[in-house]
Every structure is written in structure tokens, then in C-alpha cells.
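Make a model of the complete structure from these sequences and hints.
Residue numbers (my numbering), protein chains in the order written: chain A, 4 to 439; chain B, 4 to 439.
All the pointers check out, no bait thrown in.
For chains that are exact copies, the list does not tell them apart, and a pair is met inside one copy or across any two.
For lysine-lysine, the following BS3-like pairs were computed, each having C-alpha atoms within a straight-line distance of at most 25 Å:
hint : residue 1 : residue 2
1    : 128       : 57
2    : 342       : 313
3    : 101       : 214
4    : 157       : 30
5    : 214       : 107
6    : 57        : 5
7    : 384       : 107
8    : 107       : 365
9    : 365       : 101
10   : 101       : 168
11   : 101       : 384
12   : 214       : 157
13   : 5         : 128
Note that these hints are calculated values from the structure, not bench results.
Number of protein chains: 2
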Amino acid sequence: MKAEIIAVGTELLLGDIVNTNAQYLAKELAQLGITVHYQSVVGDNPARLTECVKQAKSRSDILLFSGGLGPTEDDLTKETVAAAFGDTLVFDAAQMEKIESFFKRTGRPMAPNNRKQAMIPAHGKKIENDNGTAPGVIFADGTQYAILMPGPPKELKPMFEARVKPFLKSLCGGAIVSISMREFGIGESHLETIVKPFLDDTNPTTALYAKDGEVLLRITAKAESTLQAQSICAARADEVQAALGAFYYGRDVDGLEEVVVPLLAQKQLQIATAESCTGGLLSSRITNVSGASSVFSFGCCTYANIAKEKAIGVSHATLQQFGAVSSQTAGEMAAGVAKAASAHIGVGITGIAGPTGGTPEKPVGLVYIGVYYNQKVYIKKITEGERGRAHVRWMATQNALDMVRRLLQGLPCAEDVQIFCAGEPADINRHTKSSI
Amino acid sequence: MKAEIIAVGTELLLGDIVNTNAQYLAKELAQLGITVHYQSVVGDNPARLTECVKQAKSRSDILLFSGGLGPTEDDLTKETVAAAFGDTLVFDAAQMEKIESFFKRTGRPMAPNNRKQAMIPAHGKKIENDNGTAPGVIFADGTQYAILMPGPPKELKPMFEARVKPFLKSLCGGAIVSISMREFGIGESHLETIVKPFLDDTNPTTALYAKDGEVLLRITAKAESTLQAQSICAARADEVQAALGAFYYGRDVDGLEEVVVPLLAQKQLQIATAESCTGGLLSSRITNVSGASSVFSFGCCTYANIAKEKAIGVSHATLQQFGAVSSQTAGEMAAGVAKAASAHIGVGITGIAGPTGGTPEKPVGLVYIGVYYNQKVYIKKITEGERGRAHVRWMATQNALDMVRRLLQGLPCAEDVQIFCAGEPADINRHTKSSI
Numbered sequence: 004m005k006a007e008i009i010a011v012g013t014e015l016l017l018g019d020i021v022n023t024n025a026q027y028l029a030k031e032l033a034q035l036g037i038t039v040h041y042q043s044v045v046g047d048n049p050a051r052l053t054e055c056v057k058q059a060k061s062r063s064d065i066l067l068f069s070g071g072l073g074p075t076e077d078d079l080t081k082e083t084v085a086a087a088f089g090d091t092l093v094f095d096a097a098q099m100e101k102i103e104s105f106f107k108r109t110g111r112p113m114a115p116n117n118r119k120q121a122m123i124p125a126h127g128k129k130i131e132n133d134n135g136t137a138p139g140v141i142f143a144d145g146t147q148y149a150i151l152m153p154g155p156p157k158e159l160k161p162m163f164e165a166r167v168k169p170f171l172k173s174l175c176g177g178a179i180v181s182i183s184m185r186e187f188g189i190g191e192s193h194l195e196t197i198v199k200p201f202l203d204d205t206n207p208t209t210a211l212y213a214k215d216g217e218v219l220l221r222i223t224a225k226a227e228s229t230l231q232a233q234s235i236c237a238a239r240a241d242e243v244q245a246a247l248g249a250f251y252y253g254r255d256v257d258g259l260e261e262v263v264v265p266l267l268a269q270k271q272l273q274i275a276t277a278e279s280c281t282g283g284l285l286s287s288r289i290t291n292v293s294g295a296s297s298v299f300s301f302g303c304c305t306y307a308n309i310a311k312e313k314a315i316g317v318s319h320a321t322l323q324q325f326g327a328v329s330s331q332t333a334g335e336m337a338a339g340v341a342k343a344a345s346a347h348i349g350v351g352i353t354g355i356a357g358p359t360g361g362t363p364e365k366p367v368g369l370v371y372i373g374v375y376y377n378q379k380v381y382i383k384k385i386t387e388g389e390r391g392r393a394h395v396r397w398m399a400t401q402n403a404l405d406m407v408r409r410l411l412q413g414l415p416c417a418e419d420v421q422i423f424c425a426g427e428p429a430d431i432n433r434h435t436k437s438s439i
Numbered sequence: 004m005k006a007e008i009i010a011v012g013t014e015l016l017l018g019d020i021v022n023t024n025a026q027y028l029a030k031e032l033a034q035l036g037i038t039v040h041y042q043s044v045v046g047d048n049p050a051r052l053t054e055c056v057k058q059a060k061s062r063s064d065i066l067l068f069s070g071g072l073g074p075t076e077d078d079l080t081k082e083t084v085a086a087a088f089g090d091t092l093v094f095d096a097a098q099m100e101k102i103e104s105f106f107k108r109t110g111r112p113m114a115p116n117n118r119k120q121a122m123i124p125a126h127g128k129k130i131e132n133d134n135g136t137a138p139g140v141i142f143a144d145g146t147q148y149a150i151l152m153p154g155p156p157k158e159l160k161p162m163f164e165a166r167v168k169p170f171l172k173s174l175c176g177g178a179i180v181s182i183s184m185r186e187f188g189i190g191e192s193h194l195e196t197i198v199k200p201f202l203d204d205t206n207p208t209t210a211l212y213a214k215d216g217e218v219l220l221r222i223t224a225k226a227e228s229t230l231q232a233q234s235i236c237a238a239r240a241d242e243v244q245a246a247l248g249a250f251y252y253g254r255d256v257d258g259l260e261e262v263v264v265p266l267l268a269q270k271q272l273q274i275a276t277a278e279s280c281t282g283g284l285l286s287s288r289i290t291n292v293s294g295a296s297s298v299f300s301f302g303c304c305t306y307a308n309i310a311k312e313k314a315i316g317v318s319h320a321t322l323q324q325f326g327a328v329s330s331q332t333a334g335e336m337a338a339g340v341a342k343a344a345s346a347h348i349g350v351g352i353t354g355i356a357g358p359t360g361g362t363p364e365k366p367v368g369l370v371y372i373g374v375y376y377n378q379k380v381y382i383k384k385i386t387e388g389e390r391g392r393a394h395v396r397w398m399a400t401q402n403a404l405d406m407v408r409r410l411l412q413g414l415p416c417a418e419d420v421q422i423f424c425a426g427e428p429a430d431i432n433r434h435t436k437s438s439i
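Right, here's the structure in full:
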């Protein structure tokens, strides 16, 4: 079954509001196994709306509309779609009463044009609206349906959930299930070559999307029952996970911190952070996970050298000899904050976020990340170039979280990570120790 | 001139992401005086994309595309639009070099399919992408144009701003200038009543948008020259600013931190932060402003009580008697971190971000914010309710930054702020001192 989503409203065309209804409906339809081939936005203009409805009707089974059901003169969606579906509108006394009592209850005066909202299809169906005065409507033409819902999300969502979804389910039958899989440390195109064997399958499908320095894979399966769909999905996800190895980090999670915090909790380990260029972004990400308090008690943002010395005991000599942005400083920050917080794991980040402050030797985008764990210090150097302050900071926290994730999962920490014993000077250039 | 916006991407049709590009582009086009009649979303499907391009070309002068420029096989936007505009694609060695050096710089291996991104129009134009490997392109057919931009907003927005907007301006003639004005501490509807006299003017226009706990006002003027447009804009902005008073905080800035950091630098003041429920979000926002190092040297994230005592000297008795989430603790955190960092200003934030951890007395969403400055401690209590962990944390940092901003500008700190002398117990319930 093919559907398309049509949003009606000048405020969308002007960019005054974001079309979140389209995303909500698209996701819900995907869950129901209904394919959405098109989404569109048109203004409150009868000629353009008519053209749009005609075209949609020529190619789709279900037309889902949001918006245009208001009481004002330019709200013409209902009339326009009725005409395209060979239906007419009639006055519904029960609906009018509902509208009148709504205004009474909220103590607002009712304008005469609200009468327009009491018009419902002569042949189609009215859909009750529990959160506003505009009812939804369904028009039918053979096996084609137009479903009109109000624009405000707080009216549209409950209406869809309670009344439209059951109607659509009755039309399609079957179940659809998705699993999202997150990967870090691998580019979209490299990842594609690994999962290529799965990309052409139609059930389950496998799709990949680039996201803020990582890649998201989505596996989707259709079957007669939810249980069957789940099992098809899970089997494919296992195959994909095996193919991806250490790059894969989690299913149905929103980011690395959502994997790292539960891992720490499970192992009853405490983490502490010392941040320079990321300025608290790492601790902010960790503590944005509900329940972080069981694994995190202290972080610090040692922006100035003196703060690095005073708060977490980075040695003055190290700062003098190697500078604040160095593997040595990152290592001492990591070990130092772990000690200061009596934590099992310490993370130290120091770098040049830019746009200023770079030198030929230490350019903008250079960041050292140190992780202290079990008497060892792991150091990674990243070079993000001049891709913006926010990007450099984000990637530094991504790498830090991924290093911790790999250590906790007993995986190789990363290809180019150097390892030192705590207390040993962490000179990334001098040492040639092989990575784990 | 009529335009339409076409977003290409299966992830939009599946509802995996919200089409924020459409809103961004729609708003920008409205600013330029270009009318957007349609927006649409299609998948990476050549047949449907071709149909969509043909139809758009039949009714619009400018077709703006986002997405579909990736390196993978199903990214076919460029090829499809080229065909519709009678153009072909040729290999661009310079672009290939750029892509190769991008991969070299970031230390990632380049997959062969990235070569696809080095294909540019034979007759049209390449648009440089400073933030990724996919260049944008322009195809022309007489006075009709197709402009293709990459899908990720952090690539599309800077490309539009720096290269596409000037191109569109050259097509339209005349000059258009906008000023954005930011307000905090006032709701959208309240603000609307204040600026109502300006809302119906057509030149300059005044529009308002709600944003993450604040309001954005945009003034736009058209004139024959940029200088004229600037002067019309600035005059209206001054009137609006006078009407808004202390709620207004900045022009053409992205957030409160972009006003607070320069204010601190100008007054040569140092700020330090002690965060509990916000976990580093405040220091992260401050240090995301380039040049923050001149005003910020130390922040800490004292999540556990013991960390509050050890790192910034919150007294054990205070924590025992009033609890971690109290005005007293917020006050001692603010004064304590200022002392620890030898800073002029200290900010302390403590609260319950949720979703768990609330009690009837101290519900989820309750946050105390303390600001120490000039021997005084200012305390604000906010109650954000159960609107999500991220929202509570964000609003806590918004209020903290606004309190600092107002103190630095000599404005009343906020209606309900309590003031204490440093060292005095900050009991927000007992004291009835009037606010400043």
C-alpha cells in the first residue's frame, strides 16, 4: 500500500514552523508497513491544492493531510479534497454542540466562522478530535482514502494514535519492525562496502545514514506477526553486527554515552573527566544519561594551565616542556582526575578547537585524548582540521567515549592508540609501542 | 520569482529525521523575497525523482534540492537533475584532490565510490563545500535554475549562506538585509503584544519565532542599496529594542553565551562554574565561544556531594541540613567555585533534571541557580516540571547565563531573584529581601 503525506499551510512555506507532523506520520506509517513515496507542502490555495490532490490520487492509495481545517476563510482543505473524492459536506449538529461547549468551557467567545468546523462528509466519516474544535475526516473513493487531520501536533498526534492508526491497521494487516544499529570510527562509504551483501534484500531491508561523526544502520522487516518480524530483524542485525566487529556499538540507542554509562554501571566502575578544549561537553553528555550519578561523581573543566596543575595535579614541568596540547598533558589529566575523584577511569582531553590558536606544529583541530584505566594510560591523537569549533569538540568527545567503550568491552582501543603505564611520560612521538 | 524546495532522502520518507532544511531554506527564500509555492520530499528513486523534477520545472523558476549528493550508489540526485536540465557530469580533478586530502587529513581510508562526488556539471557550476566532500552544483536551463546542496544541515547551511544566497540575490536585484534580535525571559505571545504595532509593516517586516526557551525576532528590509536596507533595518531594530527593555539581549547572535563571553572580556572579568544537574553543559556553552579562554579558566562538575565539599568547599552541614538541591547549596557552590578559581564571578547550579529523583517537596524540574559577584550571591529558583531531562538542563543554563548577562549590564537580575551577602546562608524561603 502506497501513501503520501500532504501538509497544508502557508506558515510551512514561509519557514515559520518546521514540518514535524510529516516526520511523525512518516515514522508511524513505516511502522505499519505502509510505504510513503512522497511528502509535500502546499499553501492554502485552492487551485494549487486541487492540482496536488489530483496528482496524489493518481499515484497513491492513501492521502494523509495535516492542517487547513481551521475556522478561517482560507482554510479550504476539506472542501477541496471533498470535491476531488466526489463527496460533499453537510452540517453536523452534534459537532456544532461540541464546538460550542468547547468555547464555553475555555471561556472564550466563539466567532461565527467556527460553524465551518461542524461541516462533515455526506458519505465519508468524521474523526473525533479530543483536543480541539476541528474534527478530522475520511473521504473514500473505491479503495482510495483521504484522511484529513488538524495541523497542531497536539491535536494531530492523539487523533492519529487513537483513531487513524486502527483504521489504517484494518486496511493493511501484517507487522513491521525496525532495529537501528550505531557505528563509530568508520565512514559511510567504507561501511557500505562491508554491508553491501545485505543492501539489495527487500525483507529485511538495510539502509545506512551518516550522523554527526558516526553511521546509523536501519534494519526493517515485514511479517505476518510482530514476533516474526522481530525475529527476522534480529537475525539480520546479528549478521550485520558480526560483519562490523568493533565499529558497531549499540542497538536502538541515541549515542555512545547511552552505551558507556550502562556499561560502567554494570561493571560498577566510576568515571571522572578532565576537559580542556571540550569545556564540559563530555561530562555534559555523560550526565545527560538518566542514572549517570551512579557512575559519575566529578568532572572538571581545566581550561587554564594553572587549573590543570591545581585541580588535577598535571605537573608544571610537563606543561612547560610539552605544552598544554600534548599527549603527555592528556595522559596526566586522565590519571590526575581519576586520582582526584577516586574513580576507576579518568578521561583527559586537550586540544585546539579553533578557529584561532593553531600553529604549524599544533594546528587547529589537533586533540589528544587520554584514558586512564587499570594502571595504564591510553592516548589517541585526532586531527579534525578546520571544520569548526563545535565539530572538533564533538569529535573529541565521540573518540573519548568510544575509547572507554572499547576498553570496557575488552576490544582493541583503536588502531592508533598508544599505551603507557601510569606515571610513565606519555610521549606519543617517541614511543613506538604497538597498539592493542 | 517562484521557487520550490525538494528534499531527497529515504530517511525523510521513513520519518527518521525531521526536514529542518526545508524550513531553513523556506525562511531564507522568504527573506530574499522569493515565493515558495511547494515543498516536497522524494526518495532516492530515479523514476520518482525524474517525475518530481519535471513537474517542478513546469511551474517554478528555481528548484532548490537538499540531499542525495552522498557517495553511495543510491545517491542519484545529481545525475537525475542533470538529465532534466540537459546537462551532463564530468570528472573534476581538483574536486577529487580535495576529497582525497579530506580523507588524508582525517586519517580515514577513502572508498572508491567517493569518486562519484568529484563529478560536476559540464555546463553548470560547482559550488564549493567547506564542510564536507560533496560539492553543491547549479544547473541552468534558460532562466530556470536547479541548485543542489548536500543534506547534512552543517554542510547545507554554510554553503547556502556563503555561496547560494549571493547567487540568488544576483538573480533578484535590489538589496535585502536582516537583523535577528534575541530575547530571553518572555513568552512568545507576551512578546507579540509588545511588538504588535510593527507586525503589519511590509518594509521592514518583523517576524517572531519561538526557540529553545527564548524568542527570536527578525527584522528584514528591502531597498535599492545594501546601505539603505541596513539603515531601515537598524532604525526599526532600535525601536523594537527600546520597547523590549531588559528582555532583549543581542543582535545577530546565536545564544546568550555569545553575549556573556564578550561582556566578560570587555570588563576583564573571570567566570567560573560549578555544575551539578547540568553536568558541564554551562561550561560547555561558555567555552564553545571562541576566545572564552580569556574569561574562563576553571569549571567543575560536582555531581556527588563529596565532590561539592572537596572541590569547591560546600559545607557538609549545608548539604546535611538543606540537601544538595537547595538555594543554600547553590549559593555556596557559586561562591566556592569563584574562590577556588580566583574568579570574579562564580555560578552554581543544582537541581533535579529527572526523569527520576523527584520528591513531592523537590519535584523533577526544580533547579536553584546561584551567581556570586562583588561579595553578593544572587539566587534564582526555577521549576520546569517534567519536560524532559535535556529541557530542564538547557533552561537551567539559559537562566544562569541571563542572570550573569543582566548583572554585567547593570540590569535588574530577574523578577524573582533573591540577594544575599556572601557567607550569609542563602535561604530562599526564609528571606524576604526584595529583588533588585
